[in-house]
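Asker: Each chain, letter by letter, is given below.
There are 2 protein chains.
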Amino acid sequence: MPDVLMGIAKAGLKQSPEPDLLVVLLPVRSIASFLFTDNFFKSGSVIYSEETFKKNRNIRAFVVNSGNANCGTGKEGIKHARQIAERTALKLKLKPEEVLVFSTGIIGKPLPIEKVLIAVDKACSSLEPLDLKKASQVITTTDSFPKFDFIEKRKVKTFGFAKGAGMIAPSMATMLAFVFTEAFVEFEKLRVIHKKINEKTFNSITVDGCKSTNDSFALICIGNKKAPLSSVEKDILQIAESLAKKIVEDGEGASRVIKITVKGADSSKKAKEIAKAVANSLLVKTAVYGKDPNWGRIAAAAGSTTFPIDPFKLEIRIGEYTLYEGKPLPFSEESVRRYLQEEKEVEIILDLKEGKNDWTYYSSDLGYEYVKINAEYST
Amino acid sequence: MPDVLMGIAKAGLKQSPEPDLLVVLLPVRSIASFLFTDNFFKSGSVIYSEETFKKNRNIRAFVVNSGNANCGTGKEGIKHARQIAERTALKLKLKPEEVLVFSTGIIGKPLPIEKVLIAVDKACSSLEPLDLKKASQVITTTDSFPKFDFIEKRKVKTFGFAKGAGMIAPSMATMLAFVFTEAFVEFEKLRVIHKKINEKTFNSITVDGCKSTNDSFALICIGNKKAPLSSVEKDILQIAESLAKKIVEDGEGASRVIKITVKGADSSKKAKEIAKAVANSLLVKTAVYGKDPNWGRIAAAAGSTTFPIDPFKLEIRIGEYTLYEGKPLPFSEESVRRYLQEEKEVEIILDLKEGKNDWTYYSSDLGYEYVKINAEYST
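In the order they appear, the protein sequences are chains A and B. For the first sequence, position 153 matches number 153 in our numbering, and the numbering has no gaps at all. For the second sequence, position 134 matches number 134 in our numbering, and the numbering has no gaps at all.
Read the hints as simulated data drawn from the structure, not as lab findings. Just so you know, these numbers come straight off a predicted model, no measurement behind them. Some clues are possibly wrong.
Listed next, with one range per pair, are the computed distances between beta-carbon atoms [said to hold, decoys possible]:
(1) Lys54/B / Lys269/A: 27 to 37 Å
(2) Lys327/A / Asp3/B: 36 to 46 Å
(3) Pro96/A / Lys195/B: 47 to 57 Å
Every residue gets a Cβ at the ideal spot worked out from N, C-alpha and C, and that includes glycine.
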């Protein structure tokens, strides 16, 4: 990608022989916004980067290592993150506070910091233009495919790369996403867009309902191309949505994506909470896995939040089939089973019929493969 | 049981040839308190009973049917519950508002009300002293064993029966529990004890994190025996705890019970929320199934609530083994694996080291059998 540079190296943190360390150097004019997990059991890298970003908005580079989450290792983890930032700054002739650090992988093992610092040296001395596919491959852990996307609209490029497949064994945590736009957006506006898009995308997906210790999402303006804010926001949303959906598709043991839309709510917060409850319901996830048009489980999950719903107004659809509307409706079980069998993306729609707000959440089904991945592998 | 009478009959709601309808007649002097699910997609029986109990505290009888949850069937479900209460009242020479109705079983199928009313007639005309085992057998759905318990202390009997094994396929919902004490407690005090004990027992267990549409817990004083309130409360807690634990033991596909205790919290609300997050973590449940001493998943779940924890103070134990105390500790993985392998009840202890409050939650592990039960059976 134009202007953004990257360097990769191997610190030996992964079992595979692939590179596991990525350094990204941003153009001088870049404006970047970072969002971090709100889990209180945070990675040392998250603690360090969050504090650094709070004090200094002018971020010029970041380092990502895979294979080790730098989490649950005591205060040493924070020190290690600082050492990585300092070494990177030294090599790239930046100030230490201009560098952030992200980590993903095993929890509870100290980083072999000497090896990591040597890899940092190596990555910094072999910079090349950002290659989205290559960058995403370096930061994967148990992902089964690299996650990246690119669009160019009105001569403005927007692109990004990500990793994540749930918090999976052996203690592999983390979703990381880095989205770039060539358009210029001032920091305060960027921050607003960033939080809004985060809610709609990476905060509206679930594989196992588990919040990682390392989740981070960066939104970076690298250019000074001019574009109307609304179209910039649309482009960023498109890339972030695309990356978020790839994470769900790659959810451990998932055989299909479940798209849950709650419509007709009197607030979007309510629509989101209900969509989230359905998305995280084990009973709904296993029913989809079993191709079972079990609207009772969907209704029970929808009713389980702190937001009231009216069961005598509620409508539940799977794909184009309406199964319940204030009371059970007759439907062809065979057709719905076939739909659940054949579609890779299954749609569940709940209409509360009380207002005008909606929300969409993406989830994955849950079957034997999930148990296998999460129970049979070990630390 | 002395004074409490029951009648059973078969309405043909279950696939098995067993009785599926239970009528319980309480002594005149009884004082009863009822708690219902706060799911907004409620069973017609819950809607009817909750409204009736709000208007009239003097409950003299209740009817429980299994095999059909009387839920998701539109307003007809409420009408059916009323018809059952009216018929029971007629037969037992009570007022309709003195009778409550509970249902458990399939969601979304209308009750065959004529058959149910005939079964009510039959049950009311063959009353006998309450037999805990028999009563609990009548109300089971997919339970694999009947759930009841009995104690007698200081000549005061306390006893109860329950059903529940998670909200399981084919759309079988509901946990129901009925606890009785011979001691006299006035209504207002009973209500306080009831809510307190409910939080500590039936609201502190989880199989799949799914809140049923039919959950109900009744606490009934049948006698005028005198006993100090504190000892009455202790006895009721013992019976309720015993029944709650049986429900977890019988959780679908569960191979062991997980007892999660959060200690040293600065409020009991916080201790409870963190215990609940660990109890509902799919990653923790699958790790226990896989005998994997994965403290990273426990820590990540503990950090995922809205209550801050200090990762540099936190202590995590599995059984007698301390795995983490501000940082990872060396431990014999083999020994912890053996403990997870051999114990039917596995203990996870988290010490936040910030205060004096604790909370215990019971959960079950999650393996292939859970997926089988919930994905392979269908509506």
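Asker: Identify every previously stated hint that the structure contradicts and give their numbers, smallest first.
Answerer: Checked against the structure, no hint fails, so every one of them is satisfied.
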